[in-house]
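If you're matching positions, the sequence shown starts at 1 in the UniProt record's numbering and goes up one per residue.
If you are wondering where the hints come from, they were derived from the structure by calculation, not from laboratory data.
Wrong hints could be hidden among the right ones.
Capping the alpha-carbon separation at 30 Å, the derived lysine-lysine pairs in BS3-like fashion look like this [said to hold, decoys possible]: (1) K68 to K35; (2) K25 to K68; (3) K35 to K45; (4) K35 to K25.
Cβ-Cβ distance ranges computed for the label pairs, FRET-style [claimed, not checked]: (5) G31 to D63: 18 to 24 Å; (6) E14 to D65: 36 to 42 Å; (7) E90 to E14: 34 to 40 Å; (8) E14 to T89: 31 to 37 Å; (9) Q72 to P16: 26 to 32 Å; (10) Q22 to G69: 25 to 31 Å; (11) K45 to E14: 15 to 21 Å; (12) G69 to A29: 17 to 23 Å; (13) A26 to D80: 29 to 35 Å; (14) I81 to P16: 28 to 34 Å; (15) P116 to N32: 17 to 23 Å; (16) A53 to E90: 15 to 21 Å.
Even for Gly, the Cβ is constructed at its ideal location relative to N, Cα and C.
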Amino acid sequence: MEHHSSKHDKSIFEIPLSEAQQITKAWAARGNFIKSYLIDAQELKDMVEEKGASYVRVYFGWDTDMEKGREQRLIMVPADIYGHDMINTEVSLAENIKEDSNIFDFTMPCPPTCPPPDSPLG
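Please take these sequences and the hints and turn them into a complete structure.
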């Protein structure tokens, strides 16, 4: 039988569904309110294609100004080959300007943006 390679064949980070189900079930059992995050693929792709980016660092935040259920936030920043955040501090520190800061939050938490009930990771 011929092996057809997939785009994931080289990833050492891919895990089996059974392991994913086990760890998501353990997360839910801890009483955590946020079950998952929906991430805009094109925005993520654009961020990873930033010149010099080798990684994406995720920071956890809590925003009391957000509507109920959306207070928990994931802040994402491209990082270079050495793991240094690629934040444009000159722009970011200038009067709270967000354009070109290289700091992103394009995530949508579940709830309210949950997967369909038939998702095997529920």
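Next on the checklist: For K68 and K35, compute the direct alpha-carbon distance and say whether it is at most 30 Å.
Outcome noted: Holds, because 15 Å separates the two Cα atoms, which is no more than 30 Å.
Item to check | Pair hint K35 and K25, alpha-carbon separation not exceeding 30 Å | outcome: Holds, at about 10 Å.
Item to check | Assessment of proposed distance window 31 to 37 Å (beta carbons of E14, T89) | outcome: holds (35 Å)
Checklist entry - Do the Cβ positions of Q22 and G69 conform to the proposed distance bound of 25 to 31 Å? => result holds (26 Å)
Next on the checklist: Hinted pair, alpha-carbon criterion (30 Å max): K25, K68. Please report holds or violated.
Outcome noted: holds (24 Å)
Item to check | Supplied distance hint 28 to 34 Å, evaluated on CB atoms of I81 and P16 | outcome: holds (29 Å)
Checklist entry - In this structure, is the beta-carbon distance linking G31 and D63 contained in 18 to 24 Å? => result At 21 Å between Cβs, range holds.
Next on the checklist: Taking the Cβ atom of Q72 and the Cβ atom of P16, is their distance within the range 26 to 32 Å?
Outcome noted: For Q72 and P16 the Cβ distance comes to about 28 Å; the hint holds.
Checklist entry - Would you say the C-beta atoms of E90 and E14 sit inside 34 to 40 Å of each other? => result holds (38 Å)
Checklist entry - Between E14 and D65, does the beta-carbon spacing fit 36 to 42 Å? => result Since E14 and D65 have Cβ atoms about 37 Å apart, the given range 36 to 42 Å holds.
Checklist entry - At the C-beta level, are A53 and E90 separated by a distance inside 15 to 21 Å? => result At roughly 18 Å between Cβ atoms, E90 and A53 fall inside 15 to 21 Å, so the hint holds.
Item to check | Restraint status (C-alpha distance of K35 to K45 at most 30 Å) | outcome: holds (23 Å)
When each numbered hint is compared with the structure, no violation occurs for any of them.
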